[in-house]
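Residue numbers (the working numbering), protein chains in the order written: chain A, 222 to 437; chain B, 6 to 553.
Don't read these hints as lab results, they were simulated from the structure.
Some hints here could point you the wrong way.
Straight line, CA to CA, 25 Å or less: simulated DMTMM-like cross-link-like pairs of lysine to aspartate or glutamate [claimed, not checked]:
id: 1; chain 1: B; residue 1: Lys-168; chain 2: A; residue 2: Glu-419
id: 2; chain 1: B; residue 1: Lys-416; chain 2: A; residue 2: Asp-406
id: 3; chain 1: B; residue 1: Lys-416; chain 2: A; residue 2: Glu-419
Label pairs and their computed distance ranges (CB to CB) [claimed, not checked]:
id: 4; chain 1: B; residue 1: Leu-396; chain 2: A; residue 2: Thr-381; range: 39 to 49 Å
id: 5; chain 1: B; residue 1: Ser-35; chain 2: A; residue 2: Thr-381; range: 51 to 61 Å
id: 6; chain 1: B; residue 1: Ala-444; chain 2: A; residue 2: Asp-372; range: 49 to 59 Å
id: 7; chain 1: A; residue 1: Thr-381; chain 2: B; residue 2: Leu-417; range: 52 to 62 Å
id: 8; chain 1: A; residue 1: Gly-410; chain 2: B; residue 2: Thr-39; range: 53 to 63 Å
id: 9; chain 1: A; residue 1: Arg-277; chain 2: B; residue 2: Ala-444; range: 15 to 25 Å
id: 10; chain 1: A; residue 1: Ala-282; chain 2: B; residue 2: Asp-450; range: 37 to 47 Å
id: 11; chain 1: A; residue 1: Gly-360; chain 2: B; residue 2: Glu-257; range: 28 to 38 Å
id: 12; chain 1: A; residue 1: Arg-373; chain 2: B; residue 2: Asp-450; range: 35 to 45 Å
id: 13; chain 1: A; residue 1: Pro-391; chain 2: B; residue 2: Ala-299; range: 39 to 49 Å
Every residue, glycine too, gets a C-beta built ideally from N, C-alpha and C.
Each chain, letter by letter, is given below.
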Amino acid sequence: MTHSLNEISALARKAARGAGMPWGLAEESAEATRWLCAHRLPGVECLASVLHDQDRAAWEALCPVMARGVWSSRGTALCPIAAGASLSDRAAGLAGLAPLTLRSCRAPLMLLPFACETARLSGHSIGLTTQQFAAVCTGNALVLDGTFSPDRPPADVTLTCPAASRTGPPVPLTDRAAPDPAALDVLTGFAARLYAPETEARRRDGAGASGPGALS
Amino acid sequence: MRLERLGAAHATRLSFMRQLLRRMRAENWSVSCTGFDIDARGVGTATYTGRGPDHAYTLVAFAHDLPPEQRTDRVIATAWDATFTLFDGVPDADDLTRLRANVPGQEAGRLSGRELTLARANRSTRLWDHVVDALARGQQPDPGRVAEVGYLMRTTAVYGSGKFGAADRMLTCARPECAAPFQLEMLTVYLIRCFVLDLVEHMARMQAPRTAVPLAPTLRRRFGIGNSTGLGMAPFLVNHPALLHRWIAAREQALARIRSQPQGSEDRLQTLRTLVHRAARLAADWRTGHPLQAPRVVGLRADLSLLESHLSGLSPHIRDPWNTLWLWAEDHLSVEGQEQLLALLLELYPDFVDDLAGDMAVDERDSFTIDGAMPLHDLRAILQDVYAAALDTDWDACAAQARIWYVSEAKLEPRLGERFEEDLDRYEQPLDTHRAAAALHAALDGHPPGTVADFLLRHPDHRHTVRRAQIAAHLPYSEIRDNTLAADMRPIDMLRLKLSFFGAAHFDPRSDRWVRINMYQNAPFPGELQTDLADDWTLPPALPRIPA
Numbered sequence: 222m223t224h225s226l227n228e229i230s231a232l233a234r235k236a237a238r239g240a241g242m243p244w245g246l247a248e249e250s251a252e253a254t255r256w257l258c259a260h261r262l263p264g265v266e267c268l269a270s271v272l273h274d275q276d277r278a279a280w281e282a283l284c285p286v287m288a289r290g291v292w293s294s295r296g297t298a299l300c301p302i303a304a305g306a307s308l309s310d311r312a313a314g315l316a317g318l319a320p321l322t323l324r325s326c327r328a329p330l331m332l333l334p335f336a337c338e339t340a341r342l343s344g345h346s347i348g349l350t351t352q353q354f355a356a357v358c359t360g361n362a363l364v365l366d367g368t369f370s371p372d373r374p375p376a377d378v379t380l381t382c383p384a385a386s387r388t389g390p391p392v393p394l395t396d397r398a399a400p401d402p403a404a405l406d407v408l409t410g411f412a413a414r415l416y417a418p419e420t421e422a423r424r425r426d427g428a429g430a431s432g433p434g435a436l437s
Numbered sequence: 006m007r008l009e010r011l012g013a014a015h016a017t018r019l020s021f022m023r024q025l026l027r028r029m030r031a032e033n034w035s036v037s038c039t040g041f042d043i044d045a046r047g048v049g050t051a052t053y054t055g056r057g058p059d060h061a062y063t064l065v066a067f068a069h070d071l072p073p074e075q076r077t078d079r080v081i082a083t084a085w086d087a088t089f090t091l092f093d094g095v096p097d098a099d100d101l102t103r104l105r106a107n108v109p110g111q112e113a114g115r116l117s118g119r120e121l122t123l124a125r126a127n128r129s130t131r132l133w134d135h136v137v138d139a140l141a142r143g144q145q146p147d148p149g150r151v152a153e154v155g156y157l158m159r160t161t162a163v164y165g166s167g168k169f170g171a172a173d174r175m176l177t178c179a180r181p182e183c184a185a186p187f188q189l190e191m192l193t194v195y196l197i198r199c200f201v202l203d204l205v206e207h208m209a210r211m212q213a214p215r216t217a218v219p220l221a222p223t224l225r226r227r228f229g230i231g232n233s234t235g236l237g238m239a240p241f242l243v244n245h246p247a248l249l250h251r252w253i254a255a256r257e258q259a260l261a262r263i264r265s266q267p268q269g270s271e272d273r274l275q276t277l278r279t280l281v282h283r284a285a286r287l288a289a290d291w292r293t294g295h296p297l298q299a300p301r302v303v304g305l306r307a308d309l310s311l312l313e314s315h316l317s318g319l320s321p322h323i324r325d326p327w328n329t330l331w332l333w334a335e336d337h338l339s340v341e342g343q344e345q346l347l348a349l350l351l352e353l354y355p356d357f358v359d360d361l362a363g364d365m366a367v368d369e370r371d372s373f374t375i376d377g378a379m380p381l382h383d384l385r386a387i388l389q390d391v392y393a394a395a396l397d398t399d400w401d402a403c404a405a406q407a408r409i410w411y412v413s414e415a416k417l418e419p420r421l422g423e424r425f426e427e428d429l430d431r432y433e434q435p436l437d438t439h440r441a442a443a444a445l446h447a448a449l450d451g452h453p454p455g456t457v458a459d460f461l462l463r464h465p466d467h468r469h470t471v472r473r474a475q476i477a478a479h480l481p482y483s484e485i486r487d488n489t490l491a492a493d494m495r496p497i498d499m500l501r502l503k504l505s506f507f508g509a510a511h512f513d514p515r516s517d518r519w520v521r522i523n524m525y526q527n528a529p530f531p532g533e534l535q536t537d538l539a540d541d542w543t544l545p546p547a548l549p550r551i552p553a
């Protein structure tokens with residue numbers, strides 16, 4: 222069974238919010254997950270792993286502490302969504318930031334959509350390297366080498382700008398996703414936290430009067 | 006735009022139904038019933054294929070025998086009189102088997118990338134039996150009863166854009182026939198109308214094969230497809246700001262072009278007089294029992310009468326005739342009347358309007374990324390401009406935050422609750438545009454000068470609102486200029502705006518959050534698309550003038 226990218230994105234947004242992210246970061250999570258799936262990368266699995274590890278964690282434990290040349294976390298690891306959003310927010314000053322080490326980042330694959338968007342905004346290519354993979358991110362393509370299993374421990378990521386050139390074809394895109402069902406279940410579980418329990422009064426009043434027996 | 010005006014919107018020639026039918030006529034689309042296997046109880050499968058120059062689209066329809074006590078328009082329904090999907094191309098037997106296993110269950114089933122939309126419809130019990138019985142006896146149904154309801158079935162949801170596994174919009178949006186918004190959904194409803202009319206004639210034949218007759222063509226066109234819309238659609242305008250901007254901008258630009266015409270002509274003035282007369286006939290037929298809408302319809306009828314008198318005395322030779330008329334309307338007509346006039350003015354100048362239809366779709370990812378380099382004083386200025394009313398609101402007053410938008414665990418039905426009567430805060434959906442803007446403005450107070458990036462690193466809670474504010478700064482129609490949590494906020498005002506852009510008519514609210522409408526009423530059927538009806542079906546014909 223495959224999924225549309227839109228429904229992956231919608232689920233990711235709800236799941237991220239259910240796990241305690243503010244709505245704006247839940248939106249970033251959704252877009253990042255969709256982007257990864259479109260690039261045939263395990264976006265759903267990565268997000269499930271990130272949300273599982275940082276469920277309801279405080280922002281202070283997840284967000285980057287920015288020192289010169291190094292971003293790190295006060296908590297156990299950097300949240301890739303928080304780090305990625307902070308990176309694209311600073312696209313205008315990217316040349317001054319790089320080279321940059323992101324210390325102990327969860328699911329570093331999730332940085333790729335933000336790196337590509339930052340590359341687009343800044344007009345410069347961005348290189349992202351971890352022990353697992355090496356990527357060259359431009360505004361309209363991703364070149365990627367390596368392995369991408371989502372359940373590795375957090376890893377250091379090196380960001381360079383411009384990227385060292387890399388040969389290889391850009392990652393081809395797809396318009397359907399086939400995520401791991403267990404990872405989908407994790408996201409569905411987080412998303413369910415957003416839904417209000419049913420009561421007779423809510424059922425009666427919440428949607429307005431158009432039940433059986435209403436004028437047809 | 007404010008909810009008062011959005012809630013009075015009328016369909017115009019920019020509407021998505023009108024765009025679809027103009028295209029189908031210009032490109033000579035064919036629609037054929039390629040399968041109709043329905044028994045005497047009205048149960049079975051039918052397929053209708055629409056062919057354009059490059060692609061074919063097939064409506065797959067499943068008709069069911071629904072026990073009346075299960076019939077409901079609500080999201081929590083689990084069974085319907087008919088269920089549908091629009092297939093990309095022509096389905097084979099394996100596809101039909103798969104669809105038969107999934108489509109009747111609607112949200113409980115799964116679609117593939119070959120399916121484009123998912124829909125369901127329920128009968129109008131008031132009218133269905135009457136029409137079947139009349140046709141079975143060899144008679145036409147009573148036109149008065151037909152006019153009272155206007156449809157035999159009404160859809161209760163038409164899903165597209167990747168929902169429940171269907172194809173994402175990006176798979177089709179490069180096709181010319183799919184470029185405009187909601188074309189596949191509009192095509193789905195158009196084909197559903199074909200099916201429903203065929204089905205009712207079929208049921209009459211099943212009941213009385215020797216005496217049954219089909220509907221007379223003029224009466225047949227009097228049936229549209231109804232639609233019952235509730236809170237599921239209300240958040241759309243808030244959740245798709247860039248798209249809302251494009252729709253409003255197209256209509257505003259059309260109006261501006263017309264208002265800026267330095268002169269009119271006798272012909273155009275006479276055309277407008279005829280259109281107003283026809284609109285008055287439409288208003289006379291507009292039936293609603295709702296205590297909010299009924300007086301507005303009475304007001305609209307009075308407005309059109311006033312407009313008719315005003316136009317009868319007007320000279321075609323005054324300068325800036327349409328701007329002068331518009332300014333007169335702002336002073337003399339209700340908002341309903343003004344919005345109806347806007348739709349009629351757009352009909353006068355197709356050449357100035359129809360090209361704008363091509364600008365109504367958008368890739369929302371283009372307005373997603375936050376500009377972190379924006380200085381905070383610029384952000385503050387945006388908030389003071391776009392959300393001035395929000396900054397003036399007393400958010401401590403109960404009436405300001407009386408409502409709360411949430412989603413129920415019951416089939417994920419969207420709902421609107423009373424904040425201070427229930428404990429729902431932790432389930433709140435982010436539809437509080439004005440309250441959030443005011444909170445952001447307050448958070449900026451006392452923040453050291455810097456950039457949006459600096460601010461969001463410390464205040465991630467405001468990221469969503471910063472994104473909205475930056476969108477509103479360059480897309481001014483994107484933000485509804487009203488408090489969506491207010492005690493007196495009416496969700497039907499949001500529903501009406503979107504439905505008017507679909508091309509709907511006869512808005513009939515059933516509460517402050519449910520509305521019935523009619524789609525394609527009086528529209529030509531596929532075999533009639535090459536007639537003058539193809540782009541002139543939204544108003545009843547003018548009555549012949551009786552010479553004095």
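Requested in this report: Mind checking the hinted window 37 to 47 Å against the Cβ distance between Ala-282/A and Asp-450/B?
Outcome: With a Cβ separation near 27 Å, Ala-282/A and Asp-450/B fall outside 37 to 47 Å, so the hint is violated.
Query raised in the report: Between Ser-35/B and Thr-381/A, does the C-beta distance stay in 51 to 61 Å?
Result: 58 Å, holds
Report task. Kindly confirm whether 39 to 49 Å is satisfied by the beta carbon distance between Pro-391/A and Ala-299/B. Result -> 60 Å, violated
Query - Leu-417/B and Thr-381/A - C-beta distance against the hinted 52 to 62 Å - result: 44 Å, violated
Query - Hinted pair Lys-416/B and Asp-406/A, Cα distance within 25 Å - result: Holds: Lys-416/B and Asp-406/A sit about 17 Å apart, inside 25 Å.
Query raised in the report: Does the Cβ pair Ala-444/B, Asp-372/A satisfy 49 to 59 Å?
Result: 38 Å, violated
Query raised in the report: Regarding Arg-277/A and Ala-444/B, is the given constraint of 15 to 25 Å on their beta-carbon distance met?
Result: 22 Å, holds
Query raised in the report: Leu-396/B and Thr-381/A, beta-carbon distance inside 39 to 49 Å?
Result: Roughly 44 Å apart at Cβ, these two residues keep to the hinted range, so it holds.
Query raised in the report: Are Arg-373/A and Asp-450/B spaced within 35 to 45 Å by their CB atoms?
Result: 44 Å, holds
**Report entry** Pair hint outcome, Lys-416/B versus Glu-419/A [Cα-Cα no greater than 25 Å]
**Finding:** 10 Å, holds
Query - Status of the given 28 to 38 Å range, CB of Glu-257/B versus CB of Gly-360/A - result: 33 Å, holds
Requested in this report: For the pair supplied as a hint, Lys-168/B and Glu-419/A, confirm whether the alpha-carbon distance does not exceed 25 Å.
Outcome: Roughly 24 Å between the alpha carbons, so the hint for Lys-168/B and Glu-419/A holds.
In this structure, the earlier hints numbered 6, 7, 8, 10 and 13 are contradicted, and the remaining ones agree with it.
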